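Sequential numbering from 1 applies to the sequence shown in the numbering used here.
Heads up, none of these hints are tricks.
Here are the simulated EDC-like cross-link-like pairs (lysine to aspartate or glutamate), alpha carbons at most 16 Å apart as the crow flies:
(1) Lys-187 x Glu-72
(2) Lys-30 x Glu-92
(3) Lys-38 x Glu-92
(4) Lys-30 x Glu-45
(5) Lys-141 x Glu-92
(6) Lys-165 x Glu-92
(7) Lys-141 x Glu-35
(8) Lys-137 x Glu-92
(9) Lys-137 x Glu-72
(10) Lys-141 x Glu-115
Quick list of simulated restraints, FRET-style, between CB atoms:
(11) Leu-174 x Arg-112: 42 to 48 Å
(12) Met-186 x Glu-35: 29 to 35 Å
(13) Asp-104 x Gly-185: 41 to 47 Å
(14) Pro-151 x Pro-110: 20 to 26 Å
(15) Phe-16 x Lys-38: 30 to 36 Å
(16) Arg-112 x Arg-22: 38 to 44 Å
(17) Met-186 x Glu-115: 35 to 41 Å
(18) Gly-41 x Phe-119: 19 to 25 Å
(19) Gly-111 x Arg-19: 51 to 57 Å
(20) Asn-48 x Gln-125: 29 to 35 Å
(21) Pro-151 x His-113: 19 to 25 Å
(22) Ala-153 x Ala-3: 25 to 31 Å
(23) Thr-120 x Lys-187: 31 to 37 Å
(24) Leu-156 x Pro-57: 34 to 40 Å
In case anyone wonders, no lab produced these hints; they're calculated from the structure.
Note that the coordinates shown come from a computational prediction; the quantities given were computed from them, not determined experimentally.
Yeah, the Cβ is synthetic: ideal placement off N, Cα and C, and Gly gets one too.
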Amino acid sequence: MGARISRHPQLAIGAFCPRTGRALASLFAKPAHAEAIKRAGSWQECVNGSGPAKREPTSALFGISLSSTSAEAAKAIFGFFWPHALKNGWREMYLGSPVPGLRDWVRDNPGRHAEDYVFTYRKGQPRDPQLRYYFQKGFRKVIAVRRDYFPHAASLNYGVILGGKIPLSALSPLWRLLPLSWLQGMKKWLFVLH
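Throw the hints in and build the complete structure from the sequences for me.
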């Protein structure tokens, strides 16, 4: 964890219990080229692959991990993160997700493919609980379904690369000119529009 924080401290965010100091949620991200993330064969390749050089601009991030023990803590993470993302010109974010319902679904649907499961929706949202969680956070575009993406038994080692737009990022040039405090005051709108 220390290595992740030291590589990109501005993209390492935590939410803590005010009484105990216990970590409730964390988000680690890194600058990335969208094309490299889309081509990556594994999560490890996304995490350890070379990011853009300091002089090479990018508007994309790869979310290395999002962990949360509380829905409110996850909301607090994004409430803090979105204004900072806008201020820094980030426009899109990618992440790799497990598909924990896949193993049971394949058992009940022999001969079907992982892609069939990933693209199965109920009431307009993904059937898989993890994909549904990310869908509700704004990661609505399935970029790729990868076999052997990372070890995860319930996912049969499959992973799904998801993409999402950072809310209101189309106005990126404007946000970079405004003070961060002004953007932080907009955070309730970022959730409504997301």
